[in-house]
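Visitor: Okay, here's what each chain looks like letter by letter:
2 protein chains.
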Amino acid sequence: MANEQTQSYTIGVDLGGTNLRIAAYTRDAGLLETILLPTRLAAGRDAVVDDLCGAVCDLQKRFSTRFDLYGIGIGTPGPLELPAGRLHNPPNLTGWDGFDLRCELEKKLQRGVVVESDANLAALAECFLGRGLSMGVDSLCMLTLGTGVGNGIILGGKIFDGAAGMAGEAGHATIYPDGLKCPCGNDGCLEMYASATAVVRAANQRIEAGTAPMLVGQKWSARTLAEAAFEGNADARQVYTDAGHALGIGLAALVNTLQLPLYVVGGGLVQAWELLKPAIFEELHHRSYVYRLTEPGSPVATHNPKGATHVLPAELGPDAGLLGACILPFTANGRS
Amino acid sequence: MANEQTQSYTIGVDLGGTNLRIAAYTRDAGLLETILLPTRLAAGRDAVVDDLCGAVCDLQKRFSTRFDLYGIGIGTPGPLELPAGRLHNPPNLTGWDGFDLRCELEKKLQRGVVVESDANLAALAECFLGRGLSMGVDSLCMLTLGTGVGNGIILGGKIFDGAAGMAGEAGHATIYPDGLKCPCGNDGCLEMYASATAVVRAANQRIEAGTAPMLVGQKWSARTLAEAAFEGNADARQVYTDAGHALGIGLAALVNTLQLPLYVVGGGLVQAWELLKPAIFEELHHRSYVYRLTEPGSPVATHNPKGATHVLPAELGPDAGLLGACILPFTANGRS
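Chains A and B, in that order, are what the protein sequence lines are. According to our numbering, the first sequence is numbered sequentially starting from 3. According to our numbering, the second sequence is numbered sequentially starting from 3.
These aren't lab readings, by the way, just hints derived from the structure by calculation. All C-beta atoms in this analysis are idealised placements derived from N, C-alpha and C, irrespective of residue type, glycine included. Each hint should be verified, as a subset may be incorrect.
[Stated by the list, open to error] Partner residues are not named here, just some residues of chain A that face chain B (Cβ under 10 Å, in silico): (1) Thr28; (2) Ala86; (3) Gly138; (4) Pro179; (5) Leu182; (6) Gly190; (7) His287; (8) Leu295.
[Said to hold, decoys possible] Derived CB-CB ranges, DEER-like: (9) B/Gly19 x A/Pro185: 26 to 34 Å; (10) A/Arg47 x B/Asp180: 57 to 65 Å; (11) B/Glu233 x A/Ala236: 24 to 32 Å; (12) A/Pro280 x B/Asn206: 32 to 40 Å; (13) B/Gly19 x A/Arg47: 37 to 45 Å; (14) A/Thr226 x B/Glu284: 35 to 43 Å; (15) B/Arg225 x A/Leu135: 48 to 56 Å.
[Said to hold, decoys possible] Simulated pairs of lysine-lysine, DSS-like, Cα-Cα distance not exceeding 30 Å: (16) B/Lys183 x A/Lys160; (17) B/Lys160 x A/Lys308; (18) B/Lys183 x A/Lys279; (19) B/Lys183 x B/Lys63; (20) A/Lys110 x B/Lys308; (21) A/Lys183 x B/Lys183.
Let the sequences and hints guide you as you build the complete structure.
Guide: Printed below as a string of structure tokens:
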């Protein structure tokens, strides 16, 4: 990225259903300062927008004496229509249906902002600052396993938005056509099997069904389930194995469709990567001849390392989305 | 495309498992002349390559007095490794595993050629000369329903090849995880439910299972099944409805993942589009909230017509692959 940016900073915003994070960022120093606020959904849209803009202005006051403000990047839960920057019935921001997020922020802040969905920004950060950087690639597909399953696709260093900004919803690809009903309206979405929520639900369903005696008598979280699995609890391990199979089926289709050089699995659940991994790779081998032809060690990958398909855990932690918002203005997706 | 090309012609080759077609093409006149030969697989690789190169030279002799040869495009069944142009165990060209198709042709023809997989070329032709042209878009995802289910993705007027040329295999995305075993090694691939082969197999399975009394006593092809269905044979119609459901499940995932402006269904089976259509759109509505948000008539599509997601039958017929080979040298995918 260009030289003039070394003396520039950006402001990135990670607008979540629970937390609102606003940060100032430079390419040399990374995150200069981060403001953490609760997202006051109950107080209404305007209150949240005021909090957001207030924090942006605070950071501007503090850093604009030392650096030029290169741009402002905003990450939001989707579905987000682009280039309009309009929200469409976002499940994590109830009451925000039809909200012109970009226009409202630009009016309040008196300058252009770039808006993107949070999962796309996590993928962007992972591409430029995380696994993409360490693997030396500028294209990847990321699945973020959190409350739901987010998805972002980066092609040639740019977020792939699709025609109206709504690409990157592979978390709602059908894995089991007659599977669990998803709030999105579909049955058997990846999200219903491979999110933190899904893992806890699966554990509880197994307890109820009497098929997980080693889980009985405790209230589980994704984290405690992973800890139990690592400590040898076979029923907890099975829950993660099942999630890994769903992920592997989904990833196999994404490899067959896009054959990108890198598929990254991130989000909170990836702490359990070692539990998910065997089932993921079993499904990839079984279900994707494209993966078998191009996986590390295959003749294609050995002869042409840039042609290899890698499937790896993310390197960035929970800051991925915020970092992505910070670097968004530097990428060519800038639409403001 | 540029002016200098008006006095140029290309040669396109469609190398199939049964037929070998070689054509000369100009942008103004389209196909100038097409040579049709059998693919003499039994005579061995060298014989097929000799036939191919002989026909290319014939066309060169005939047209190079009137036009400049702009380039030669070759379509081949995959899996095809790019940029090497090497085949990897192609199911429709048995015995060609590891064959350096591009290098061999360049050696024989004494000039560069551009090689691509046949399904990608059908998508390229559909983009520039078919449905993409009439819809005014330069990005699309095409499924070609023939012996198998081919897939090609065009982004910004270029074939999307993936890291090693193996993108565009959504025909082998898993639709039913415990479904029919596919020769690719996977179970429940789209190809096992929505190809011409699949439709005939499904009819025969229904006859054997005794669930299709109206199909008993006849040897069916995809075409005769479609004719019977159009004439009111409910069992034949059910076979196409089932194929449409599988297609719809696959298309819903592709819309959720890529949200391209256009998804095109082509190949021989698309003669039965009207039979497939109700189940396709039922699944799209059910399984893709991205489709529901962006389909024609949706608020997003109405407000921003370029953001709409269209799912339509192909406009080009069986020449799509050959036409794609002819226009390939004109596109930026030229790698020779």
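Visitor: Does each hint hold? Answer for all of them.
Guide: Hints, verified against the model:
| no. | hint | verdict |
| --- | --- | --- |
| 1 | Thr28 | violated, 32 Å |
| 2 | Ala86 | holds, 7 Å |
| 3 | Gly138 | violated, 12 Å |
| 4 | Pro179 | holds, 6 Å |
| 5 | Leu182 | violated, 13 Å |
| 6 | Gly190 | holds, 9 Å |
| 7 | His287 | holds, 8 Å |
| 8 | Leu295 | holds, 6 Å |
| 9 | B/Gly19 x A/Pro185: 26 to 34 Å | violated, 46 Å |
| 10 | A/Arg47 x B/Asp180: 57 to 65 Å | violated, 45 Å |
| 11 | B/Glu233 x A/Ala236: 24 to 32 Å | violated, 57 Å |
| 12 | A/Pro280 x B/Asn206: 32 to 40 Å | holds, 38 Å |
| 13 | B/Gly19 x A/Arg47: 37 to 45 Å | violated, 59 Å |
| 14 | A/Thr226 x B/Glu284: 35 to 43 Å | holds, 41 Å |
| 15 | B/Arg225 x A/Leu135: 48 to 56 Å | holds, 53 Å |
| 16 | B/Lys183 x A/Lys160 | violated, 37 Å |
| 17 | B/Lys160 x A/Lys308 | holds, 20 Å |
| 18 | B/Lys183 x A/Lys279 | holds, 24 Å |
| 19 | B/Lys183 x B/Lys63 | violated, 48 Å |
| 20 | A/Lys110 x B/Lys308 | holds, 28 Å |
| 21 | A/Lys183 x B/Lys183 | holds, 27 Å |
Violation of the numbered hints given earlier is confined to hints 1, 3, 5, 9, 10, 11, 13, 16, 19; the remaining hints are satisfied by the structure.
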